[in-house]
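Can you make the complete structure from the sequences, with help from the hints?
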Amino acid sequence: MAPILQIKDLTHIYSQGTPFEHKALDGVTFSVERGEFIGIIGHTGSGKSTLMQHLNGLLKPTSGTVALDGVDIWTDKKITRQARFRVGLVFQYPEYQLFEETAYKDIAFGPKNMGLPPQEVDRRVREAAGFVGLTDQQLGASPFDLSGGQKRRVAIAGVIAMEPEVLILDEPTAGLDPVGRAEILGNIQDYRKAKNATIMMVSHSMNDVARLTDRLLVMNGSKLAMDGSPRQVFQHAQELLDMGLDVPEVTRVFLRLREMGLDVEPVYSIEQAVEALKGLKEVGSHA
Amino acid sequence: MLKDITLGQFFPGESFVHRLDPRTKLIMLVVYIVALFMAESWISYAVMFAFLAFAVTISKIPPKSIVRGMKPMVVILVFTGVLNLFVTPGETVWLKFWIFTITKEGVIRAFFMVTRILMLVSGTFLLTYTTSPIALTDGLESLLSPLKKIHLPIHELAMMMCIALRFIPTLIEETDKIMSAQKARGADFESGSLMERVKALVPILIPLFVGAFRRADELATAMECRCYHGGEGRTKMKLLRYSRWDLWTFAFGAVLLAGVIVLASFGL
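Going line by line, the protein sequences match chains A and B. Mapping of the first sequence onto the working numbering: residues 1 to 287, in sequence order. Mapping of the second sequence onto the working numbering: residues 1 to 268, in sequence order.
Just so you know, these hints were derived from the structure itself, not from any lab. Some hints here could point you the wrong way.
Said to hold, decoys possible - Pairs of lysine-lysine residues, derived as BS3-like cross-links and limited to a Cα-Cα distance of at most 30 Å, are as follows:
(1) B:177 / A:112
(2) A:77 / B:199
(3) B:177 / A:78
(4) B:64 / A:23
(5) B:199 / A:112
(6) B:177 / B:199
(7) B:60 / A:78
(8) A:78 / A:60
(9) A:77 / B:177
(10) A:77 / A:105
(11) A:77 / A:8
(12) A:223 / B:177
(13) B:71 / A:77
(14) A:60 / B:177
(15) B:177 / A:195
(16) A:105 / B:199
(17) A:23 / B:177
(18) B:199 / B:60
(19) B:199 / A:60
(20) A:23 / B:71
(21) A:77 / A:23
(22) A:60 / A:8
(23) B:64 / A:60
(24) A:105 / B:177
(25) B:71 / A:60
(26) A:8 / B:177
(27) B:60 / A:23
(28) A:60 / A:23
Claimed, not checked - The calculated label-pair distances, taken between Cβ atoms and stated as ranges, are:
(29) A:275 / B:224: 53 to 63 Å
(30) B:67 / A:21: 13 to 23 Å
(31) B:234 / A:256: 48 to 58 Å
(32) A:118 / B:191: 21 to 31 Å
(33) B:65 / A:130: 50 to 60 Å
(34) A:78 / B:74: 26 to 36 Å
(35) A:223 / B:19: 39 to 49 Å
All residues carry an ideal CB built from backbone N, CA and C; glycine is no exception.
Following this line, the structure appears as structure tokens:
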């Protein structure tokens, strides 16, 4: 099947022609297959946020194209608007964008803007609330009375309710406690499974991206520095560290083990680590 | 984009104007405005314009950015110009139709009024472009401090002004972010009737207000944690001190004002 998103030679320059001119994206090219779970990593100011806002047509490329299902999203106004619904974007700290009287109404904002009939809006709101684990009582409450974690879930449900084919999230777990983090990440996977959706997630937690994603995009200095599976990307541990990024804790342990003379391949997950250590033990017992 | 608003933005720099004491600049602005309102003739306007051009040149602020800041003023300028053009009585009638008459005096007066506003705003921009908000409020507090004798809360007023100025860019950034987030949920700010457009602002204004209150609360707590208790007994890290150059600037300002007054008394 053709890729759902095709990004070609994407360049974005902020405040062009003023002293504040700044190149935020520089010749970024990649494509996204349907159903993939992609992690985007890169330090602050590397162009991640700018990139995400291009994928649903919030920002217009200075040059280059973004194609959704093979159609340039800037072909005409209608297609751009359609792209906003088909590619859902959850910003950082999305709970600060809640505005309605009840959580239910806030989640319904997106589907209503799509012009759906009332029953369909209702179905989507309830389904989205189900994905993020909100109770009926919480749906009826004012979003400002909910706890931080619950607010975050209402905000994410507000985007999920549009049933986007591609769901993009900017650090969805920032500022949450460990239980809240695990729940939100679980919710995202549930949505992906149920709708065969494509997920793109910006995260600073290397452990999370190593565990969850099929593919990693590494942004550095406005450019796409690496694109590959977590295994491929984390093999370049030193380069990542040079970019000011981190590698999963277990990878760091194994790198250190190698430095100390142990013959192990770099790993990025606990499961791989166990396998690698088992292999070592067997070698050891034979000797 | 909202980010392009340059109303009263500070351009850091090292020029002569940047280094002047903020009090000097504030007083000079008052002197300049008074002189501007005394100016009634081509010659005195030329003198004022020369002064403004000189000040802009040594401040190294690109004149372009001052012109760009004028954009929000266009409506007021056009209004002033048109009003003066038609209502000024005069003898030399240049054009007459229906109830409107355009006289030579009207044209000259409209030109002077528009020029006066333009120069007034340019002078103010020069102050805010070359003075950081903190220096500006410091200077204002110091200049107004005699009023403390009659129990006006000058320090508190200055602090409020400083905080308000500090948060303008933050709120603009926040508005941008909220707009993007609501657009991502299909909000439409660009089409529809006037009523629909006003309604479309609700999803922006509510989070913006909630955010402003949250920030205010956090800031108040942070200030209390550092034992802020108002101006009483509070000392300053950077004391304002007049230098030789400030004295020269004052002298220059006095000459300018005197010159314009003399010109005005000769009817020029």
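Checked hints:
no.: 1; hint: B:177 / A:112; result: holds (21 Å)
no.: 2; hint: A:77 / B:199; result: holds (21 Å)
no.: 3; hint: B:177 / A:78; result: holds (23 Å)
no.: 4; hint: B:64 / A:23; result: holds (23 Å)
no.: 5; hint: B:199 / A:112; result: holds (14 Å)
no.: 6; hint: B:177 / B:199; result: holds (19 Å)
no.: 7; hint: B:60 / A:78; result: violated (46 Å)
no.: 8; hint: A:78 / A:60; result: holds (15 Å)
no.: 9; hint: A:77 / B:177; result: holds (21 Å)
no.: 10; hint: A:77 / A:105; result: holds (27 Å)
no.: 11; hint: A:77 / A:8; result: holds (20 Å)
no.: 12; hint: A:223 / B:177; result: holds (23 Å)
no.: 13; hint: B:71 / A:77; result: holds (28 Å)
no.: 14; hint: A:60 / B:177; result: holds (16 Å)
no.: 15; hint: B:177 / A:195; result: holds (28 Å)
no.: 16; hint: A:105 / B:199; result: holds (15 Å)
no.: 17; hint: A:23 / B:177; result: holds (19 Å)
no.: 18; hint: B:199 / B:60; result: violated (44 Å)
no.: 19; hint: B:199 / A:60; result: holds (26 Å)
no.: 20; hint: A:23 / B:71; result: holds (26 Å)
no.: 21; hint: A:77 / A:23; result: holds (26 Å)
no.: 22; hint: A:60 / A:8; result: holds (13 Å)
no.: 23; hint: B:64 / A:60; result: holds (27 Å)
no.: 24; hint: A:105 / B:177; result: holds (21 Å)
no.: 25; hint: B:71 / A:60; result: holds (25 Å)
no.: 26; hint: A:8 / B:177; result: holds (26 Å)
no.: 27; hint: B:60 / A:23; result: holds (26 Å)
no.: 28; hint: A:60 / A:23; result: holds (14 Å)
no.: 29; hint: A:275 / B:224: 53 to 63 Å; result: holds (55 Å)
no.: 30; hint: B:67 / A:21: 13 to 23 Å; result: holds (19 Å)
no.: 31; hint: B:234 / A:256: 48 to 58 Å; result: holds (52 Å)
no.: 32; hint: A:118 / B:191: 21 to 31 Å; result: holds (23 Å)
no.: 33; hint: B:65 / A:130: 50 to 60 Å; result: holds (53 Å)
no.: 34; hint: A:78 / B:74: 26 to 36 Å; result: holds (34 Å)
no.: 35; hint: A:223 / B:19: 39 to 49 Å; result: holds (40 Å)
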